[in-house]
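> One line per chain: the protein sequences are A and B, in this order. With this note's numbering applied, the first sequence covers 736 to 850. With this note's numbering applied, the second sequence covers 10 to 259.
The set of hints was computed from the structure by calculation and includes no laboratory data. One or more of the hints may lead you astray.
Stated by the list, open to error - Mimicking EDC-like on lysine to aspartate or glutamate, the simulated pairs with C-alpha atoms at most 16 Å apart in a straight line are:
#1 Lys835/A x Glu167/B
#2 Lys835/A x Glu176/B
#3 Lys835/A x Asp99/B
#4 Lys835/A x Glu100/B
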Amino acid sequence: MSAAPYVVAGWLFLMGCYGLATSRNLIHAVGCLAVCQSSTYVLLLAVGYRSGGTAPVFSDIAPGSRPVVDPIVQALTLTDIVIGATVTALLLSLVIQVAKRHRTVDPDELSELRG
Amino acid sequence: MTMRLRMWVLALGGLGVAVLYVLACLDLPSFGGHRHPYGDRAVRAALARHTANTISSVNFDQRALDTLGEESILFGSVLGTVVLLRQTRDEDRQQPEPARVAPSVRRYALFALPVTLLIGLYIVAHGQLSPGGGFQGGVVVATSLHLLYIAVDYRALERIRPLGLYEVADAAGEAAYVLVGAAALPAGWAFLGNFLPYGTFNTLASGGTVPLLNAAIGVEVAAGVVVLLARFLDQAVEIVSTDEEAEGRA
């Protein structure tokens, strides 16, 4: 049971890779990449968890009164999510340009070069 | 590569990753364990610097230089999107038509707009105290403006959203972060050192430079998301390709 979060993280990553490799639509591929990326959130948060721990925010709990989870991995996850969202936006804008220039979003049909 | 071959390569690679991942996980400390040396030190450092929200302290004080890098990725992505989604020579801009909105949707969105804006600003301002900060609050602020698109129409959104100003604000947020970091140098601190007085624990003016850096990030994220969404909305609403227009006419 205690290995479940690690298993979930690995499963999410592999499923994202499977989706990327078999994708027939670039928008779907960008979504799969986001799935791969969310596996890192699960892994980071799982590494930082402490049983019975609460959020490491001391505005309403006295320091030392309760165990808190690891704040480092939470900070990493937070920035990871923001970066993930903007990079997804960048990739989607690339997809828009591909769709305009080649009139398709199927990666298998994008084999030819065009100036 | 045929689909069959591709699946074989994928299966091989996936199996390899799975085996290596399981081997790596066997060496990880068990889930929910009580040994978190870095976490304990980060909590102690945050409390010593009077920052109630340890995560903000990690992001904007202890690891402030890393956050500068992450913020630059954000800035670079926004810049890349702006360049990729510009209007090209074979495209025309079409004035969006005013659209009818159901009165209940309009009432709800117009009510939610100021509330959302206020919540966003609150989250940015209280980043050093409670969960939140510039990244999260910035996204909420940017979302609140787009409620006007739902409540009225695209032209109303364009009127309150002078895009040039937001592009400047995006750059100003990035610059403010670097300037706050550089301001530590004359005071004899390292770049991005927390040189301001730490203030009283659990009040708005605590944490030294953390609230300032939070505000800089808040401005950058809010402006960046507005610019990003504006570019995508332009593509969807305003920009039409000229040959599509010709096809439509024929």
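> Identify every previously stated hint that the structure contradicts and give their numbers, smallest first.
Violated hints (numbers, rising): 1, 2; every other hint is consistent with the structure.
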